[in-house]
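Spelled out from the first residue to the last, the chains are:
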Amino acid sequence: MDDPMKRLLQRLIRRIPSQMLKITLDKWGRLTAAQQRSMDFTQPKRVLTEKLLSICEENEWTVKHVTELEMIYIMDNPNQGMWNALQLMDPEDDSPSVNLMQFKEQFKSHLGEIVRHVSVKMKKHTDEAIWIRIAWGDGFSRSNHLKPTYVVHQLQTPYVFVTSLTSKQKPLLSQALILATRYQNIKDANLSGQKLTAIRDLLMRQYQQVFPNKYHSPLTEKTQTVLNTQIEREQAESAANRCQMACEAFGDGMLPQLQSAVYKLETKFRDPANKTMTEREEPFRCVVKFASTNLLESLRQCASSGVASTPVTPLLSSIPLKGKNYFVVTDNGPGSSQK
Amino acid sequence: MSAKGVLGHLSLLEVQARSLKTQPQQQQSRVKELKVKVEELITQRDQLRAEIQTHQTLQKLRTSMDKQCTDEEDEEMNEDSENSQFLRLMARHTQLKDLLHAHHLIGGYDIIKTRQGKGVCVSLATAYEGTYLDMFNLEIDLKPTLRICRHNIPPFIPLNSIAEQSNMQTDIRAFLDTLSQHLNAFAGRKHQLKLVKELHKSVEVMESNVLCSVLVLMFTLPREKTAVLCMLDYTDHTRCLPTRVSFESEDKKLPESPQWKKNYNLLMETPVHKALITMKKMGNIA
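In order, the protein sequence lines correspond to chains A and B.
For the first sequence, the positions run 1 to 339 when my numbering is used.
For the second sequence, the positions run 1 to 286 when my numbering is used.
Just so you know, these hints were derived from the structure itself, not from any lab.
Any given hint could be a false lead.
As the list claims (entries may be wrong) - Think about it this way: if two alpha-carbon atoms lie no more than 30 Å apart in a straight line, the pair counts; the simulated BS3-like pairs of lysine-lysine are:
(1) 197(B) <-> 27(A)
(2) 195(A) <-> 197(B)
(3) 147(A) <-> 45(A)
(4) 64(A) <-> 104(A)
(5) 190(B) <-> 121(A)
(6) 274(B) <-> 124(A)
To be verified - Covered by chain B, per the in silico footprint, the following chain A stretches (three or more residues, Cβ under 8 Å):
(7) 155-169
(8) 195-209
Claimed, not checked - Calculated Cβ distances over 10 Å to all of chain A for the following chain B residues:
(9) 14
(10) 29
(11) 36
(12) 38
(13) 181
(14) 196
For clarity, every value in this text was computed on a predicted model and none was experimentally measured.
Note that CB positions come from ideal geometry on N, CA and C, so glycine has one too.
Given these sequences and hints, build the entire structure.
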């Protein structure tokens, strides 16, 4: 029996939480009814792993089968690990008409040409996103299935999301992607997060944005939940204003969950009380990181409660506006690094 | 008891005497109050009368303006007085406001000023077959050049190239019209896909994409129970109907049969969810 296959299966079962194991195995559908019945999911993982390994021998599963199972699990539970967004640039004329079949063929063939011993698996998700699992090898060794890269892309959009991609693998993947999607270039979108759905929703604008509108302002209705007509809020108008500006900057309702925002400062030190530092020629290098379980929600609350001044500073509102959470701030204003 | 009674009576009389002293003053102040009230009411009445007068003049001006618009005559110059010019301006203002409101009601785009006139916000409504769908918005900075600073248009609509090609800087109407075309067509195609999934469970959607420019459906033939693959390409993103329809099946002669030629025409000329209804009625598909 394949040792690498066993290791892969062991690792995978260890990774999948017990509650998800039954659902994922059922979805995979490779266990016979009898085998399904024989699995007792209340037992500890160690026992389940042993059971599955023996079923594996029975059914003569290969690495291919196990990677299938892994892909099903990751596709249904994408909000783990660290995802980075890439942006495709300068589309060719025929890029809007690239279809699924074309993309799949082109990607596999181009990647196969640049990387030896690469194992590529592609699957389309219900939301029309193409999921690609890449197990990298090189001239000397076969594909390493224990450290696969996952790539997610929706055709006719300029964004690609990747996880577990090393700096060595990045240019190879980039090359294959631009050739398959018929774009000329790809760059870092400077957006990363643990939740794939959040960074995707942010870039695809799949959250409720707020715009100034003549015909209805639903936000003012929210702040007017008058419980007692005898009580008048002193600063009701300014509170409503702040709320409106906060929502215009960040959005309304559920916001995509980002975990951090990083600002790399390359600006000159400015403090009249500290002459030594201010007199220095070089910029004061410093990195500011905001971290939260739901960064955009906390920033919105800062603005609507008055902790952060309104109108919201472009440094903060650039996060949803530009869809980035990594900024390099120079004295000319906030920009983004081109990595 | 009797002492209380007498003392009580005395204090009552005292109070009465006191109140009698102040009463005439009270009466005087009351009269003053009422006189002031009368003045206020007279001023209010005069104000209301003036407003009614202005309103009636405006109505007359509006009617003559609306008539002039349809007759395409030159405007008459009545009195050159400041007052009449101002009233004419007000009438024109109400005319424009009504026009904008009508434009909004028919699903055209709304535009409002933002940030004290430094920018505008355009709202484009989309609709298909009488159903209002999504609303898209653009915030545009006016100076130094027109620049789109914020929007909720999905990234697969080529906003920047539309702006360039329709010369947004010089002809914003052309830009908004083209953008509205793209958005309405996209919303229409998306809505058709939604209806196909809801109304035609026997037809399987094999492939589609976020732009809804590609649709691959699988039909089942009612009698033979075999499958026919149908590919719809919507390469013109400003239209809701496909630019190309093709069929694939094991029976190579099928696409040439008169039945399927009819199906081809249906799919090219009618929205897909409606075409499928007709195809089912004709017994061509299950």
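Hints versus structure:
no., hint, in the structure
1, 197(B) <-> 27(A), "holds (23 Å)"
2, 195(A) <-> 197(B), "holds (29 Å)"
3, 147(A) <-> 45(A), "holds (22 Å)"
4, 64(A) <-> 104(A), "holds (18 Å)"
5, 190(B) <-> 121(A), "holds (29 Å)"
6, 274(B) <-> 124(A), "holds (28 Å)"
7, 155-169, "holds (count 5)"
8, 195-209, "holds (count 4)"
9, 14, "holds (41 Å)"
10, 29, "holds (32 Å)"
11, 36, "holds (29 Å)"
12, 38, "holds (33 Å)"
13, 181, "holds (16 Å)"
14, 196, "holds (15 Å)"
Consistency note: the structure conflicts with none of the earlier hints.
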